[in-house]
Every structure is written in structure tokens, then in C-alpha cells.
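**Student:** Fit chain B to the supplied structure of chain A, relying on the hints for placement.
Here is what each chain is made of, one letter per residue.
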Amino acid sequence: MFEQFLFGIEAAINGLMTGVMYSLVALGFVLIFKASGVFNYAQGVMALFGALTLVGIQEGQVPFAHLINAIFGTKITNFTWEVPALAAIALTVGVMIIFAWLVERLLLRNLVNQDPIILFMATIGLAYFMEGLGDLMWGSNIKTINLGLNQGMNETIDAATYEWFGYGFYIDNLDITAAIIAVILVVALTVFSQYSTTGRALRAVADDHQAALSVGISLRSIWVIVWGIAGFIALVAGVMWGAKSGVQFSLSLITLKALPVLMLGGFTSIPGAIIGGMIIGVGEKVFEFIVSASWFGDLVGFTMNATENWFAYVLALIFLVFRPQGLFGDKIIERV
Amino acid sequence: MKLKKIAAYAVAATMAASPVMAQLVFPSLSYRTGPFGANGAEVADGFADYMTLLNERDGGIGGVMTEVIECETGYSTEKGVECYEATKGEGALIYQPLSTGMTYQLIPKTAADGIPMLTTGYGRTSVANGAVFPWVFNFPANYWNGASAAVNYMLAENDGSLEGKTVALLYHNSAYGKEPIPTLEALAEIYDFNLTLLPIDSPGQEQKSQWLQVRREKPDYALLWGWGVMNQVAIQEAANIRFPMENFIGVWWSGSENDVIPAGMAADGYKALTFHAVGTDFPMFDDLQKYVVDAGLAAGTGENVGTVLYNRGMYGAMLAAEAVKVAQEMNGVAQIDAAMMRDGLENLVISDETMAAIGLQGFGPNFEVSCENHGGPGLVAVQQWDATAQEWTIITDFEPSDMSVIQPLIDADSAAYAAENGIVPNCG
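So the sequences go chain by chain: A and B. Per numbering that gives the first Met the number 0, the very first residue in the first sequence carries number 0; after that it's consecutive. Per numbering that gives the first Met the number 0, the very first residue in the second sequence carries number 0; after that it's consecutive.
What the hints contain is simulated information worked out from the structure, not anything from laboratory work. Incorrect hints may appear among the rest.
Unchecked claim - Pair ranges (Cβ atoms, derived):
#, chain 1, residue 1, chain 2, residue 2, range
1, A, 105, B, 156, 55 to 61 angstroms
2, B, 282, A, 86, 45 to 51 angstroms
3, A, 105, B, 245, 50 to 56 angstroms
4, A, 89, B, 385, 33 to 39 angstroms
5, A, 317, B, 410, 44 to 50 angstroms
6, B, 245, A, 116, 53 to 59 angstroms
7, A, 309, B, 156, 36 to 42 angstroms
8, A, 80, B, 328, 55 to 61 angstroms
9, A, 296, B, 410, 30 to 36 angstroms
Said to hold, decoys possible - Residues from chain A shown here face chain B by an in silico Cβ test under 7 angstroms; the list is partial:
#, residue
10, 6
11, 139
12, 143
13, 169
14, 243
15, 244
16, 247
17, 284
18, 287
19, 305
20, 308
As the list claims (entries may be wrong) - Some but not every residue of chain A turned toward chain B, in silico, with C-beta under 8 angstroms:
#, residue
21, 65
22, 140
23, 151
24, 171
25, 240
26, 245
27, 253
28, 256
29, 291
30, 304
Keep in mind the model is a prediction, meaning the values are calculated, not measured. Where a beta carbon is used, it is the ideal one built from N, C-alpha and C, also for glycine.
Isolated chain A, as found in the complex (with noise of 0.2 angstroms):
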């Protein structure tokens, strides 16, 4: 039994570490919603999109190239050179800016002081376009990551555990490696939210927009910030990601393991996120380990496996009934 207690103290620091892996791309769709009150449904895509471009980048792939081929009929692929890591996540950086910049210029400018679900809607648009354009720009094959993250189990923590319990915990190195990297984010987030002048602008942009314009707040500036900087998370998140699977277009599909830890969090706290991720990472985790467990079976008289993707839904629904706002959401304050 104490074996068992031993697997199941496993099962829920893997879930903690996976659960930091939802909570990045949450992080992006917080940033959004605090700022602007958009949900954000490209937040997937933009990690797909980032992920693709960075690995574009790095690996001196020509842009279009299909396109240019399919016109021109030329045979170009890539250009001659390789871009060093740091340079490429620079550039790739870069171009989130600019496509912050012409996302506020094209779609949010036209939209203010729209409702909620207008935003979502142009969101949904939003989505389908990026990801025909990271089709067209970078092609739909699946792309490694070279950015020289060790994956694969902890050495230390297998041989430390297996000399204190005489059992050996598997983390993998990636999953430290993301939990330090949305330490790091949430911290300069909090920060940045809290105490810097334009962190206030973004909150009271998020209160009322007509109202932030009124006191001198410029909307489109704070929208391009935000957009850049959830850009950035999510590139993040696809790099994390993309160095688990590779980069390609199921990425996108990460946005629907970040949906239950924003329900739980609440779609306005950075914390939040985080803490939303992980209690639905060891949720998820846990009961995954207890029902499909021969032990279990033996006790009720069957076991269950692959509850993880509706576990996730049922405990941020259960929350839902409580804390409609989530556990750290502001509350809504309707005025009639």
C-alpha cells in the first residue's frame, strides 16, 4: 500500500508540473480578458503561429515559399542561412509585435465599445485566418524545435527519491523547465499589472474602455501592449508545447486544456491562472491514478481510464456552482 501512496504522490507532482504547462496558455487568455475584456479564441493559434515562426526563423526558411514557387515557379525553400536561437526568438518576438500592432489597426480599432461577444466573434475570425496564414507562410509539416531544451527524466530527483523512499520519481527536466519559465511570467506579470502606470491603464481599460478614454488613456496603445505581450506568452506556451510533439497545427488545440483552468482561476487573475492550472493538472492526475488503479477495480468493481479531458470540465464545473467567477476572478457586480 505504501508503494501505491508512493505512485500516487507521483501521479500528483506530474500533475502540478502539467498542470504549470496548461496554466502558460492560460496566461495569455487572462492578459486579454484583464485588459480588454476580449476572450481571446486565437490564444491557441498565436502559440501555434509563434512556435511556427520561431522554428521558421531559426531554421532560415523562406516565408511563402510555396506561394512564391507555385507563381513564380522557382524551387526556394530556404535562404542560405541558419538564425542562432536567442536572435530567432528576438525576431520571432518581433513579429508578435507587429502582428499586435495590425490586429489592433484592423480588427480591434473597428470594434470599440462593441459588445462582449462581437470581440469573440472577431476572435473566432481571427483564429481561422492565422492559421491558414501560418500554413501558407511556413508550411504544414511538422518542425522540430532546436532550441536546446533537455527533455527526459530528472537524474537528480529519480536517484534522491529512490535513496529516501527506495522508489525513484519520474519529472521530466521540460516540466521544471516550464515551471520556472511561468514562475518568472507571473511574477513580472503581477508586477507589471500592479505597479506600473501603464499596468493600471490596462485594468481600467479592462473596466470600462469609453471611460479609460476619457480620462486620457490611449485604447489602441494598451491594446497593442497586451496583444504583444499574450503574444509572447504565446510563444511561450508553443515552444513548451512544440517541444513535446513538434511543432504543428494540432498546437492550436492546447486552447481546450486552458479553458477548465480559467474557469477554475478566473478569467482575471494571473495567479489564478496558475493556481487554477495546477489544481486541475493534480486533479486530473490523481483521479486518473485512483480509478484506473487494479486496486480501485478490486474495491468497486471496475476501473476507468482517459477521464483526464472530461475530469478537467466536471471539477471547473463544480467550482463554476460556487464561485461563478472562479477562485480568483473578480466578482461581477451587475448595476440595474
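**Tutor:** Only chain B this time, still in chain A's reference frame:
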């Protein structure tokens, strides 16, 4: 004079309005976009390029040009059915939907419309019984052949005994992923091995729980029945927990370059089942390069020629083209219709001579199709990934699967379908 003019215009208009009637039409329900686009594009390219080769080199099949009508499905079953409805009236000879979900939806539709469907290596396994499913074919191998071949391979590696061994099946939690379970359960009983079932929900980006379970239970072998991102993540996670790659065997949909390259050197030694060869070391590919790729007529960039999925698409096109030749010969006409195509498929013989004539000798197994057997012989080989050379190598011959186990399962499942749908099995 006026009447003559009108008649001439009418004939010209008819000819202009229905050019497809002078073509052999092959709808391609492709998916170049969406989460599975990377795989779908390679298969679609292989299919289209082979048809282009026939047109450019041979002037079509029997003197009639081929035409591929591509319709994008995004791997959505609903869109696939829409594509079917949109293209079936264009003179479609055969459908190869490349999706088990679409196949299940199209089985009754193709039967009602009288258009054959070839689901090589996917779909509903029991369509191998042509007496119940006269319009559907799944030669040369199906999922149950694959499951049996995997067990046979493990038996061969263990001196014919799997007694006391544990085999974990990591499968896509869908109709596709569940297909091999009845066969594996039957074989587990016969060979006395333990079968652990580990479903993974689609799309399969997060599999930590399943691989922690594998790490705890330490099965002797792991089988993978995945598709798309599920494969890449599974292979990476297996490498992370240091599961021995030589004991990790995927079905043919979990055995392409796309599945192993993202894991880098960690994927070295991973194995997969296959029913056709890999690479370009066949004379046909010289023609393909000359008439299609170098001529700038390739459906894609030409870079994927010879990859597993490209070759699979090309093989599907080749099987369809050979069935057209049989149909043309049987009916004495060059322009065949869908019913003739069905007969061609049912009388198809793939022999060494056939394959040599095409320039693909040894590319796939030899087989004969009949009304009783739409599934072929179920000959399956095993290929292994060499991460250093970045290539697959076939490490076994095309070996037979255990039909004594599979045939009763086919009979039972097809009989159940026949009973549900009021079909009287008939092989004339």
C-alpha cells in the same frame, strides 16, 4: 440547316459541359489543413502524383486520362461526407477517404449509390467479408491483421512463447483505436500473455498518466495505435521514461517519418507495422521523378517522395489504377463506370508480374481479391527507424497473420452488421 446547327451546338455543349465523362475520375478526400494536415498532405500528394504519372507517361489508363478531384476535409467526418456528396456525381469511380470515421459514415452511402470504396489499412475491419459488404474493400491488410502480425513478431522474438509476458496497448480512444482490441484479447488468451489497455483521448497531446503507468507496470512490449500528434508525444514520452524502443511497436498509422523525427535520436530503434515498402528504390520512382517532379507537375514540393505516407498514398492510387485495368479488360471498354470498377476490384490479382510491370516489384505483398475475401491475405511486415540515417528499414518479410483467429471475428462482426441492416450475404 437550322436544326443541324442546333444539334451541333447541343453536342458541343454537352461535350463541354461534361468533360468528366471522358475521364477516369478519382475523388481524393484529402486533408492538407488542420491538426492532421502534415500526414494528410503526404498521402494526398502520393495519390495525385501517381495519377499524374499515368497521364504523362502512359496517356492515362487504357487510353483514358485520369482526373483527381481533390476535396479538403480537414479530417472532419462531417466535411468528408459533404465532400463525398459534392463529388459523387462527377463520375466518381472509387473513394479512399483515409479516415475510419468517414469510412463508417460512407459504408451505407456508397452501397446505396453503387460506388466502391477502398479502405486500405483502416476503416471497418469486417468489410473484408464481401458477401456482406459488396461495395467496400480493405486489401491488402486490416487492423486485425496488424494486431496479429504484432503478436506474431513478438512470438518470433521470444522463441514462440509469450506466456507470462505483459503487452500494453496505447490506443487512440476512438473507433479506430479500439479496432485491434478484440483480436488482441483473443490472442492474449491463446498465447497466455497479459494485455493492458491504455486509452488516450484525442488529440493526445498530454499522455503523462498513461506513461507513468507504463513506467510503474513495466510491460515487456508496448503497442501504439495512434494518429497525428498522439504518435509524436507517445514516442517522446516512451523515450523520456526510457522504455526500450525495440520493444515499442506501432501500427502503420504510427510509423511515418513525421512520428519519429520530432523525438530525434531518442526514437532510434522504434518499430512499426507496414504493408508496403519505404523509400524510392524501385524503377517506378525514376519515372515519377522524370514525368512528374522534374516536370513541375507534382502535387506538393516533391520533397516527400519516398516517405512512408507518400508511398502509402501512391500505393492506394496504384491499386485503384490496377483495378481499372482489370475492369477495362473484363468489360472490353476503356471508359468504365463505378459498377465496373467494383468488379475490377473484386477480381484484382496483384502478382510479381503485375508489380514488376509497374516497376514496383517487392513494394507490397502479392494477393488476390474475391467476393469472399475483400481484405486480401493480411501479409504484414515490420519496419524499424534508424535515427542516424533518418530512414525506415523493413526488417521482416511480409508475413501472414493468424487468420484462424481473425476470420471468425470477421464473420461474427459482418454477420451482426448484416442482421442489423437486413442484408442477405451473397457471393452469387
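**Student:** Next, verify each hint and record whether it holds.
**Tutor:** Going down the list of hints, with the structure as the test:
1. The hinted range of 55 to 61 angstroms is satisfied by residue 105 of chain A and residue 156 of chain B, whose Cβ atoms lie roughly 60 angstroms apart.
2. In this structure the supplied range 45 to 51 angstroms holds for residue 282 of chain B paired with residue 86 of chain A, their Cβ-Cβ distance being about 46 angstroms.
3. For the pair residue 105 of chain A and residue 245 of chain B, the beta carbons lie near 53 angstroms from each other, so the given range of 50 to 56 angstroms is met.
4. One distance hint, 33 to 39 angstroms for the beta-carbon pair residue 89 of chain A and residue 385 of chain B, holds here, with the actual separation near 36 angstroms.
5. At roughly 47 angstroms, the beta-carbon separation of residue 317 of chain A and residue 410 of chain B lies within the given 44 to 50 angstroms, and the hint holds.
6. One distance hint, 53 to 59 angstroms for the beta-carbon pair residue 245 of chain B and residue 116 of chain A, holds here, with the actual separation near 54 angstroms.
7. Separation of residue 309 of chain A from residue 156 of chain B is about 38 angstroms and conforms to the stated range, judged on CB atoms against 36 to 42 angstroms.
8. Distance hint check for residue 80 of chain A and residue 328 of chain B: the Cβ-Cβ separation is about 56 angstroms, which falls inside the suggested range of 55 to 61 angstroms.
9. About 32 angstroms separates the C-beta atoms of residue 296 of chain A and residue 410 of chain B, a value consistent with the hinted range of 30 to 36 angstroms.
10. For residue 6 of chain A, the interface hint holds, the least distance from its beta-carbon to any beta-carbon of chain B being 6 angstroms, beneath 7 angstroms.
11. Because the closest C-beta pair between residue 139 of chain A and chain B is about 4 angstroms apart, less than 7 angstroms, the hint holds.
12. Restraint check, residue 143 of chain A versus chain B: the minimum CB separation of about 5 angstroms is within 7 angstroms; hint holds.
13. The interface hint given for residue 169 of chain A is met, as the beta carbon of that residue sits about 6 angstroms from the closest beta carbon of chain B, less than 7 angstroms.
14. At a threshold of 7 angstroms, the smallest CB-CB gap from residue 243 of chain A to chain B is about 6 angstroms, leaving the interface hint in force.
15. Against a cut-off of 7 angstroms between C-beta atoms, the interface hint on residue 244 of chain A holds, since the closest Cβ of chain B lies about 5 angstroms away.
16. At a threshold of 7 angstroms, the smallest CB-CB gap from residue 247 of chain A to chain B is about 6 angstroms, leaving the interface hint in force.
17. About 6 angstroms separates the beta-carbon of residue 284 of chain A from the nearest beta-carbon of chain B, less than 7 angstroms, and the hint is met.
18. For the restraint placing residue 287 of chain A at the interface with chain B, the shortest Cβ-Cβ distance is roughly 4 angstroms, inside the 7 angstroms limit, so the hint holds.
19. The beta carbon of residue 305 of chain A is positioned within 7 angstroms of a beta carbon in chain B (closest approach about 4 angstroms), and the interface hint is therefore held.
20. A distance limit of 7 angstroms between C-beta atoms decides the matter here; for residue 308 of chain A the minimum to chain B is near 4 angstroms, and the interface restraint holds.
21. Taken as an interface hint, residue 65 of chain A checks out: its beta carbon lies about 7 angstroms from the nearest beta carbon of chain B, inside 8 angstroms.
22. For residue 140 of chain A, the suggested interface contact is upheld, since its CB lies about 5 angstroms from the closest CB of chain B, less than 8 angstroms.
23. Contact between residue 151 of chain A and chain B, as hinted, is supported at the beta carbon level, the nearest pair being about 5 angstroms apart and thus within 8 angstroms.
24. Of the supplied interface hints, the one on residue 171 of chain A holds, with its beta-carbon coming within about 6 angstroms of a beta-carbon of chain B, less than 8 angstroms.
25. Contact between residue 240 of chain A and chain B, as hinted, is supported at the beta carbon level, the nearest pair being about 7 angstroms apart and thus within 8 angstroms.
26. Given hint, residue 245 of chain A at the interface with chain B, holds; its Cβ is 3 angstroms from that chain's nearest Cβ, closer than 8 angstroms.
27. With its C-beta approaching chain B no nearer than about 6 angstroms, residue 253 of chain A sits inside the 8 angstroms limit, and its interface hint holds.
28. Using the Cβ-Cβ criterion of 8 angstroms, the hint placing residue 256 of chain A at the interface with chain B is satisfied: the shortest such distance is roughly 7 angstroms.
29. Annotation: residue 291 of chain A was flagged as interfacial toward chain B, and the flag holds, the nearest CB pair being 7 angstroms apart, inside 8 angstroms.
30. Evaluation of the residue 304 of chain A hint against chain B yields a held restraint, the C-beta minimum of about 5 angstroms falling below 8 angstroms.
Every hint from the earlier list agrees with this structure, and none is contradicted.
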